[in-house]
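Generate the whole structure from the sequences, applying the supplied hints.
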Amino acid sequence: MSDDAMEYREPLKVKPVERFSSSQIETVHRASMKLLAETGISCAGRTASEVYRAGGCRVEETKKESRTHWQVYFPTQLVEEILKLVPSRVVLGARDPKNTLLLDASSPSVYFGTGSEANVYLRSQLKKFSAEGGHTIQYPVFTEEPGSIKALCESAHLMQQLDQVDFFIRNVNIRDESVTPENKDVNVFFASLLHTSKHVQGGLTDPEALPAVIRMARLIGGGQEHLPISFIVCPIKSPLSMVADSSEKVISIARQKVPMVISSSPQGGSTAPIQEEGITAQINAEILAGIVLAQLAGPGAPVLYGSVPVRARLDTLHDCYGAPEFVRYAMDCAQMARWYGIPCYSSAGVGDAKRPGMQAMAEKLYSYLGTASAGAQYIHYAFGLLAGTNIFSPLQAVLDNASVRLAKDILRTADFDEEGVDAAVQEIQTAAAGSGMFVRGIRKQLRRNRVSHPYEFVSEDEEDRVFAMAQQKLDSYLAQEAEGLSEAVIRQVRGQIPGLLPIETWKGGSL
Amino acid sequence: MSRKETVRDLEHSIIMGHIDSDDEGYDGMMEGTPGTMELVETALEEGIDPQDILTVFNEAMDQVGVKFESGEYLLPDMLASAECVGEAMEILEPKLAAGSGTGKGKFLIATVKGDLHDIGKNIVITMLKGAGYQVKDLGIDVPADDIVAAVREYQPDYVGLSALLTTTMIEMEHVVKKIREAGFNGVKIFIGGAPTSEEFARKIGADKHCRDAMDTIEKIEETRDVS
Numbered sequence: 001m002s003d004d005a006m007e008y009r010e011p012l013k014v015k016p017v018e019r020f021s022s023s024q025i026e027t028v029h030r031a032s033m034k035l036l037a038e039t040g041i042s043c044a045g046r047t048a049s050e051v052y053r054a055g056g057c058r059v060e061e062t063k064k065e066s067r068t069h070w071q072v073y074f075p076t077q078l079v080e081e082i083l084k085l086v087p088s089r090v091v092l093g094a095r096d097p098k099n100t101l102l103l104d105a106s107s108p109s110v111y112f113g114t115g116s117e118a119n120v121y122l123r124s125q126l127k128k129f130s131a132e133g134g135h136t137i138q139y140p141v142f143t144e145e146p147g148s149i150k151a152l153c154e155s156a157h158l159m160q161q162l163d164q165v166d167f168f169i170r171n172v173n174i175r176d177e178s179v180t181p182e183n184k185d186v187n188v189f190f191a192s193l194l195h196t197s198k199h200v201q202g203g204l205t206d207p208e209a210l211p212a213v214i215r216m217a218r219l220i221g222g223g224q225e226h227l228p229i230s231f232i233v234c235p236i237k238s239p240l241s242m243v244a245d246s247s248e249k250v251i252s253i254a255r256q257k258v259p260m261v262i263s264s265s266p267q268g269g270s271t272a273p274i275q276e277e278g279i280t281a282q283i284n285a286e287i288l289a290g291i292v293l294a295q296l297a298g299p300g301a302p303v304l305y306g307s308v309p310v311r312a313r314l315d316t317l318h319d320c321y322g323a324p325e326f327v328r329y330a331m332d333c334a335q336m337a338r339w340y341g342i343p344c345y346s347s348a349g350v351g352d353a354k355r356p357g358m359q360a361m362a363e364k365l366y367s368y369l370g371t372a373s374a375g376a377q378y379i380h381y382a383f384g385l386l387a388g389t390n391i392f393s394p395l396q397a398v399l400d401n402a403s404v405r406l407a408k409d410i411l412r413t414a415d416f417d418e419e420g421v422d423a424a425v426q427e428i429q430t431a432a433a434g435s436g437m438f439v440r441g442i443r444k445q446l447r448r449n450r451v452s453h454p455y456e457f458v459s460e461d462e463e464d465r466v467f468a469m470a471q472q473k474l475d476s477y478l479a480q481e482a483e484g485l486s487e488a489v490i491r492q493v494r495g496q497i498p499g500l501l502p503i504e505t506w507k508g509g510s511l
Numbered sequence: 001m002s003r004k005e006t007v008r009d010l011e012h013s014i015i016m017g018h019i020d021s022d023d024e025g026y027d028g029m030m031e032g033t034p035g036t037m038e039l040v041e042t043a044l045e046e047g048i049d050p051q052d053i054l055t056v057f058n059e060a061m062d063q064v065g066v067k068f069e070s071g072e073y074l075l076p077d078m079l080a081s082a083e084c085v086g087e088a089m090e091i092l093e094p095k096l097a098a099g100s101g102t103g104k105g106k107f108l109i110a111t112v113k114g115d116l117h118d119i120g121k122n123i124v125i126t127m128l129k130g131a132g133y134q135v136k137d138l139g140i141d142v143p144a145d146d147i148v149a150a151v152r153e154y155q156p157d158y159v160g161l162s163a164l165l166t167t168t169m170i171e172m173e174h175v176v177k178k179i180r181e182a183g184f185n186g187v188k189i190f191i192g193g194a195p196t197s198e199e200f201a202r203k204i205g206a207d208k209h210c211r212d213a214m215d216t217i218e219k220i221e222e223t224r225d226v227s
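Each protein sequence line maps, in turn, to chains A and B. In terms of my numbering, the first sequence is residues 1 to 511. In terms of my numbering, the second sequence is residues 1 to 227.
Hints were generated in silico from the structure; no laboratory data involved. Hints should not be assumed to be uniformly reliable.
What the hints assert, rightly or not - If you want the footprint, here are the derived chain A segments under chain B, 3+ residues with CB under 8 Å:
(1) 432 to 438
(2) 442 to 451
As the list claims (entries may be wrong) - Computed list of chain B residues with no C-beta within reach of chain A, every gap over 10 Å:
(3) 62
(4) 80
(5) 104
(6) 122
By construction, the Cβ of each residue, glycine as well, lies at the ideal position given by its N, Cα and C atoms.
Right, here's the structure in full:
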């Protein structure tokens, strides 16, 4: 089936907000080209340096603290020619074909999903607290536990059921004793694919695991044209350096033509300039260097422009996701990606709050609105993250699902034509001459999904019951049975893919 | 079409809020099919007793009420059904035997002087008509003397007063006082509107405070049961 004939999961369509003028975009582009041509990228990978050299880059071998590096210089014309090879449309398959995603650089259509690989899984339980005068309030108490396969299964199962989650990036770092660098990748992808029929994306710990992961995805995908998985690789160490093993992952995945995010995550104020024009010029150069490597290794390889710029805290220089710059940087990168015609991987819904609450809500809401308004096609980090990207909270994910729904309803494009306006005029004339009321019009627009729902967790009385309602919803989701893989497919996968561990599901059963 | 079929279609039409053939109804699929207005005419042409048609209205609205209570219907759905009944009553009323009517009573309603808001009032009117009450709407910005004159002429069982502003709700007290001074002590006076409350109703001598349209229907029914 051609990509045009396929059905895709419905994205949020927006009219993009653009912070840069066209001349500002060109200025940033020229700055990035200047950095790539004059300063170049310090590459620690021999294989990558050879790919660059063979592709037409000037490569100089240098020694840094007794380690060999290759300084790679990118002629501007070469970069611009190679960028023409990059597909502007990337299809991300899914176990359930209805969850297939179409990322089209020319269309500001947005999908939201999970992200990070949090070390901490934050469980929650409602407790009743009393004060003098007989006042009581229900509030969650939290327990931290280390990430595990069981927690990853639970979160994948939850994400399967949250309607605003369009894709699943493995969001919990599996730290079970039986997990090794060699078997981690197959187990991460297997646990995820077992519990969600949405697109699954993850990194690769061991480049050697790539063939097994792809083979497993083909078995689970059941002969579909597009694999239900894709990869994230961050080959860049800002500023302007490339890591050896990640650069090799880029090459291997590009040669397989499996979709891949090529990301960079500089920190404004510590590993990049804090001002937006500076960090954008730098991250743009870094991402393009990675994309050039992918295209030289596998011309036409489907890639996403992976922009994850963040600002530094001014007291500790740690990541600061709650600052407005985080959103501005993301919006700037989304605009650059669109200018190059490459689908954009971006971030929203991550903040500095360590527990669910008003801080988390504020930080997340404005980043959903900002980043999505810029038209980034693929927004990760959007569900359940706290303390930057260190904690995953299922309760927060349920709250985030409600917030993303609101953000989508605010941002969706005005969808009407002349016929719609004529119908509205007729409706106004009829009501003005008659009852003065428009209730029949409400029903019609409800049926056409043009009437938004209010916030999901609304209290009828004076007590704020958001947490109570969200926890109740979370508990009901986790009580559901999983729509898993058939036993035959599980047997087939276990028979053909080495390294798979017994998987204890969140309910305690084993798969 | 048999009488049985007509009655069944009429009931379904009301439940679906399908007022006439131009309307698409609850499910958006009914445009081009006879709606409540056409079906009432058909029913009368087929010789169905107007009193039996009235029973269909009541039974249909009972079912709509159940759907609303269960959450299946939103208020706009319920209003659409109520509007069907209200409009159809315009056709049916003259056909009913003199004095029989719906038997539910007459309701006079107005937004008091100084206040131009009527959304809530209009919703209440639609619901009242749908529930079978005869409604006289005096409109907005109505002086107390005009309301008293209308009470004298129309002889309602109930008077409803609406106000949205804190500056105009005090006019309600003036209207209640004038109605009582004119000797209409038996008429039940209901008040409603955002700034009003039970306490305010008691203070100005009104019989009931109504939070919204549904509350109005319930409170009238309570009043009828008591009387």
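Legend entry - Structure versus earlier hints - violations, ascending order: Going through the list in order, the structure violates hints 4, 6 and respects the others.
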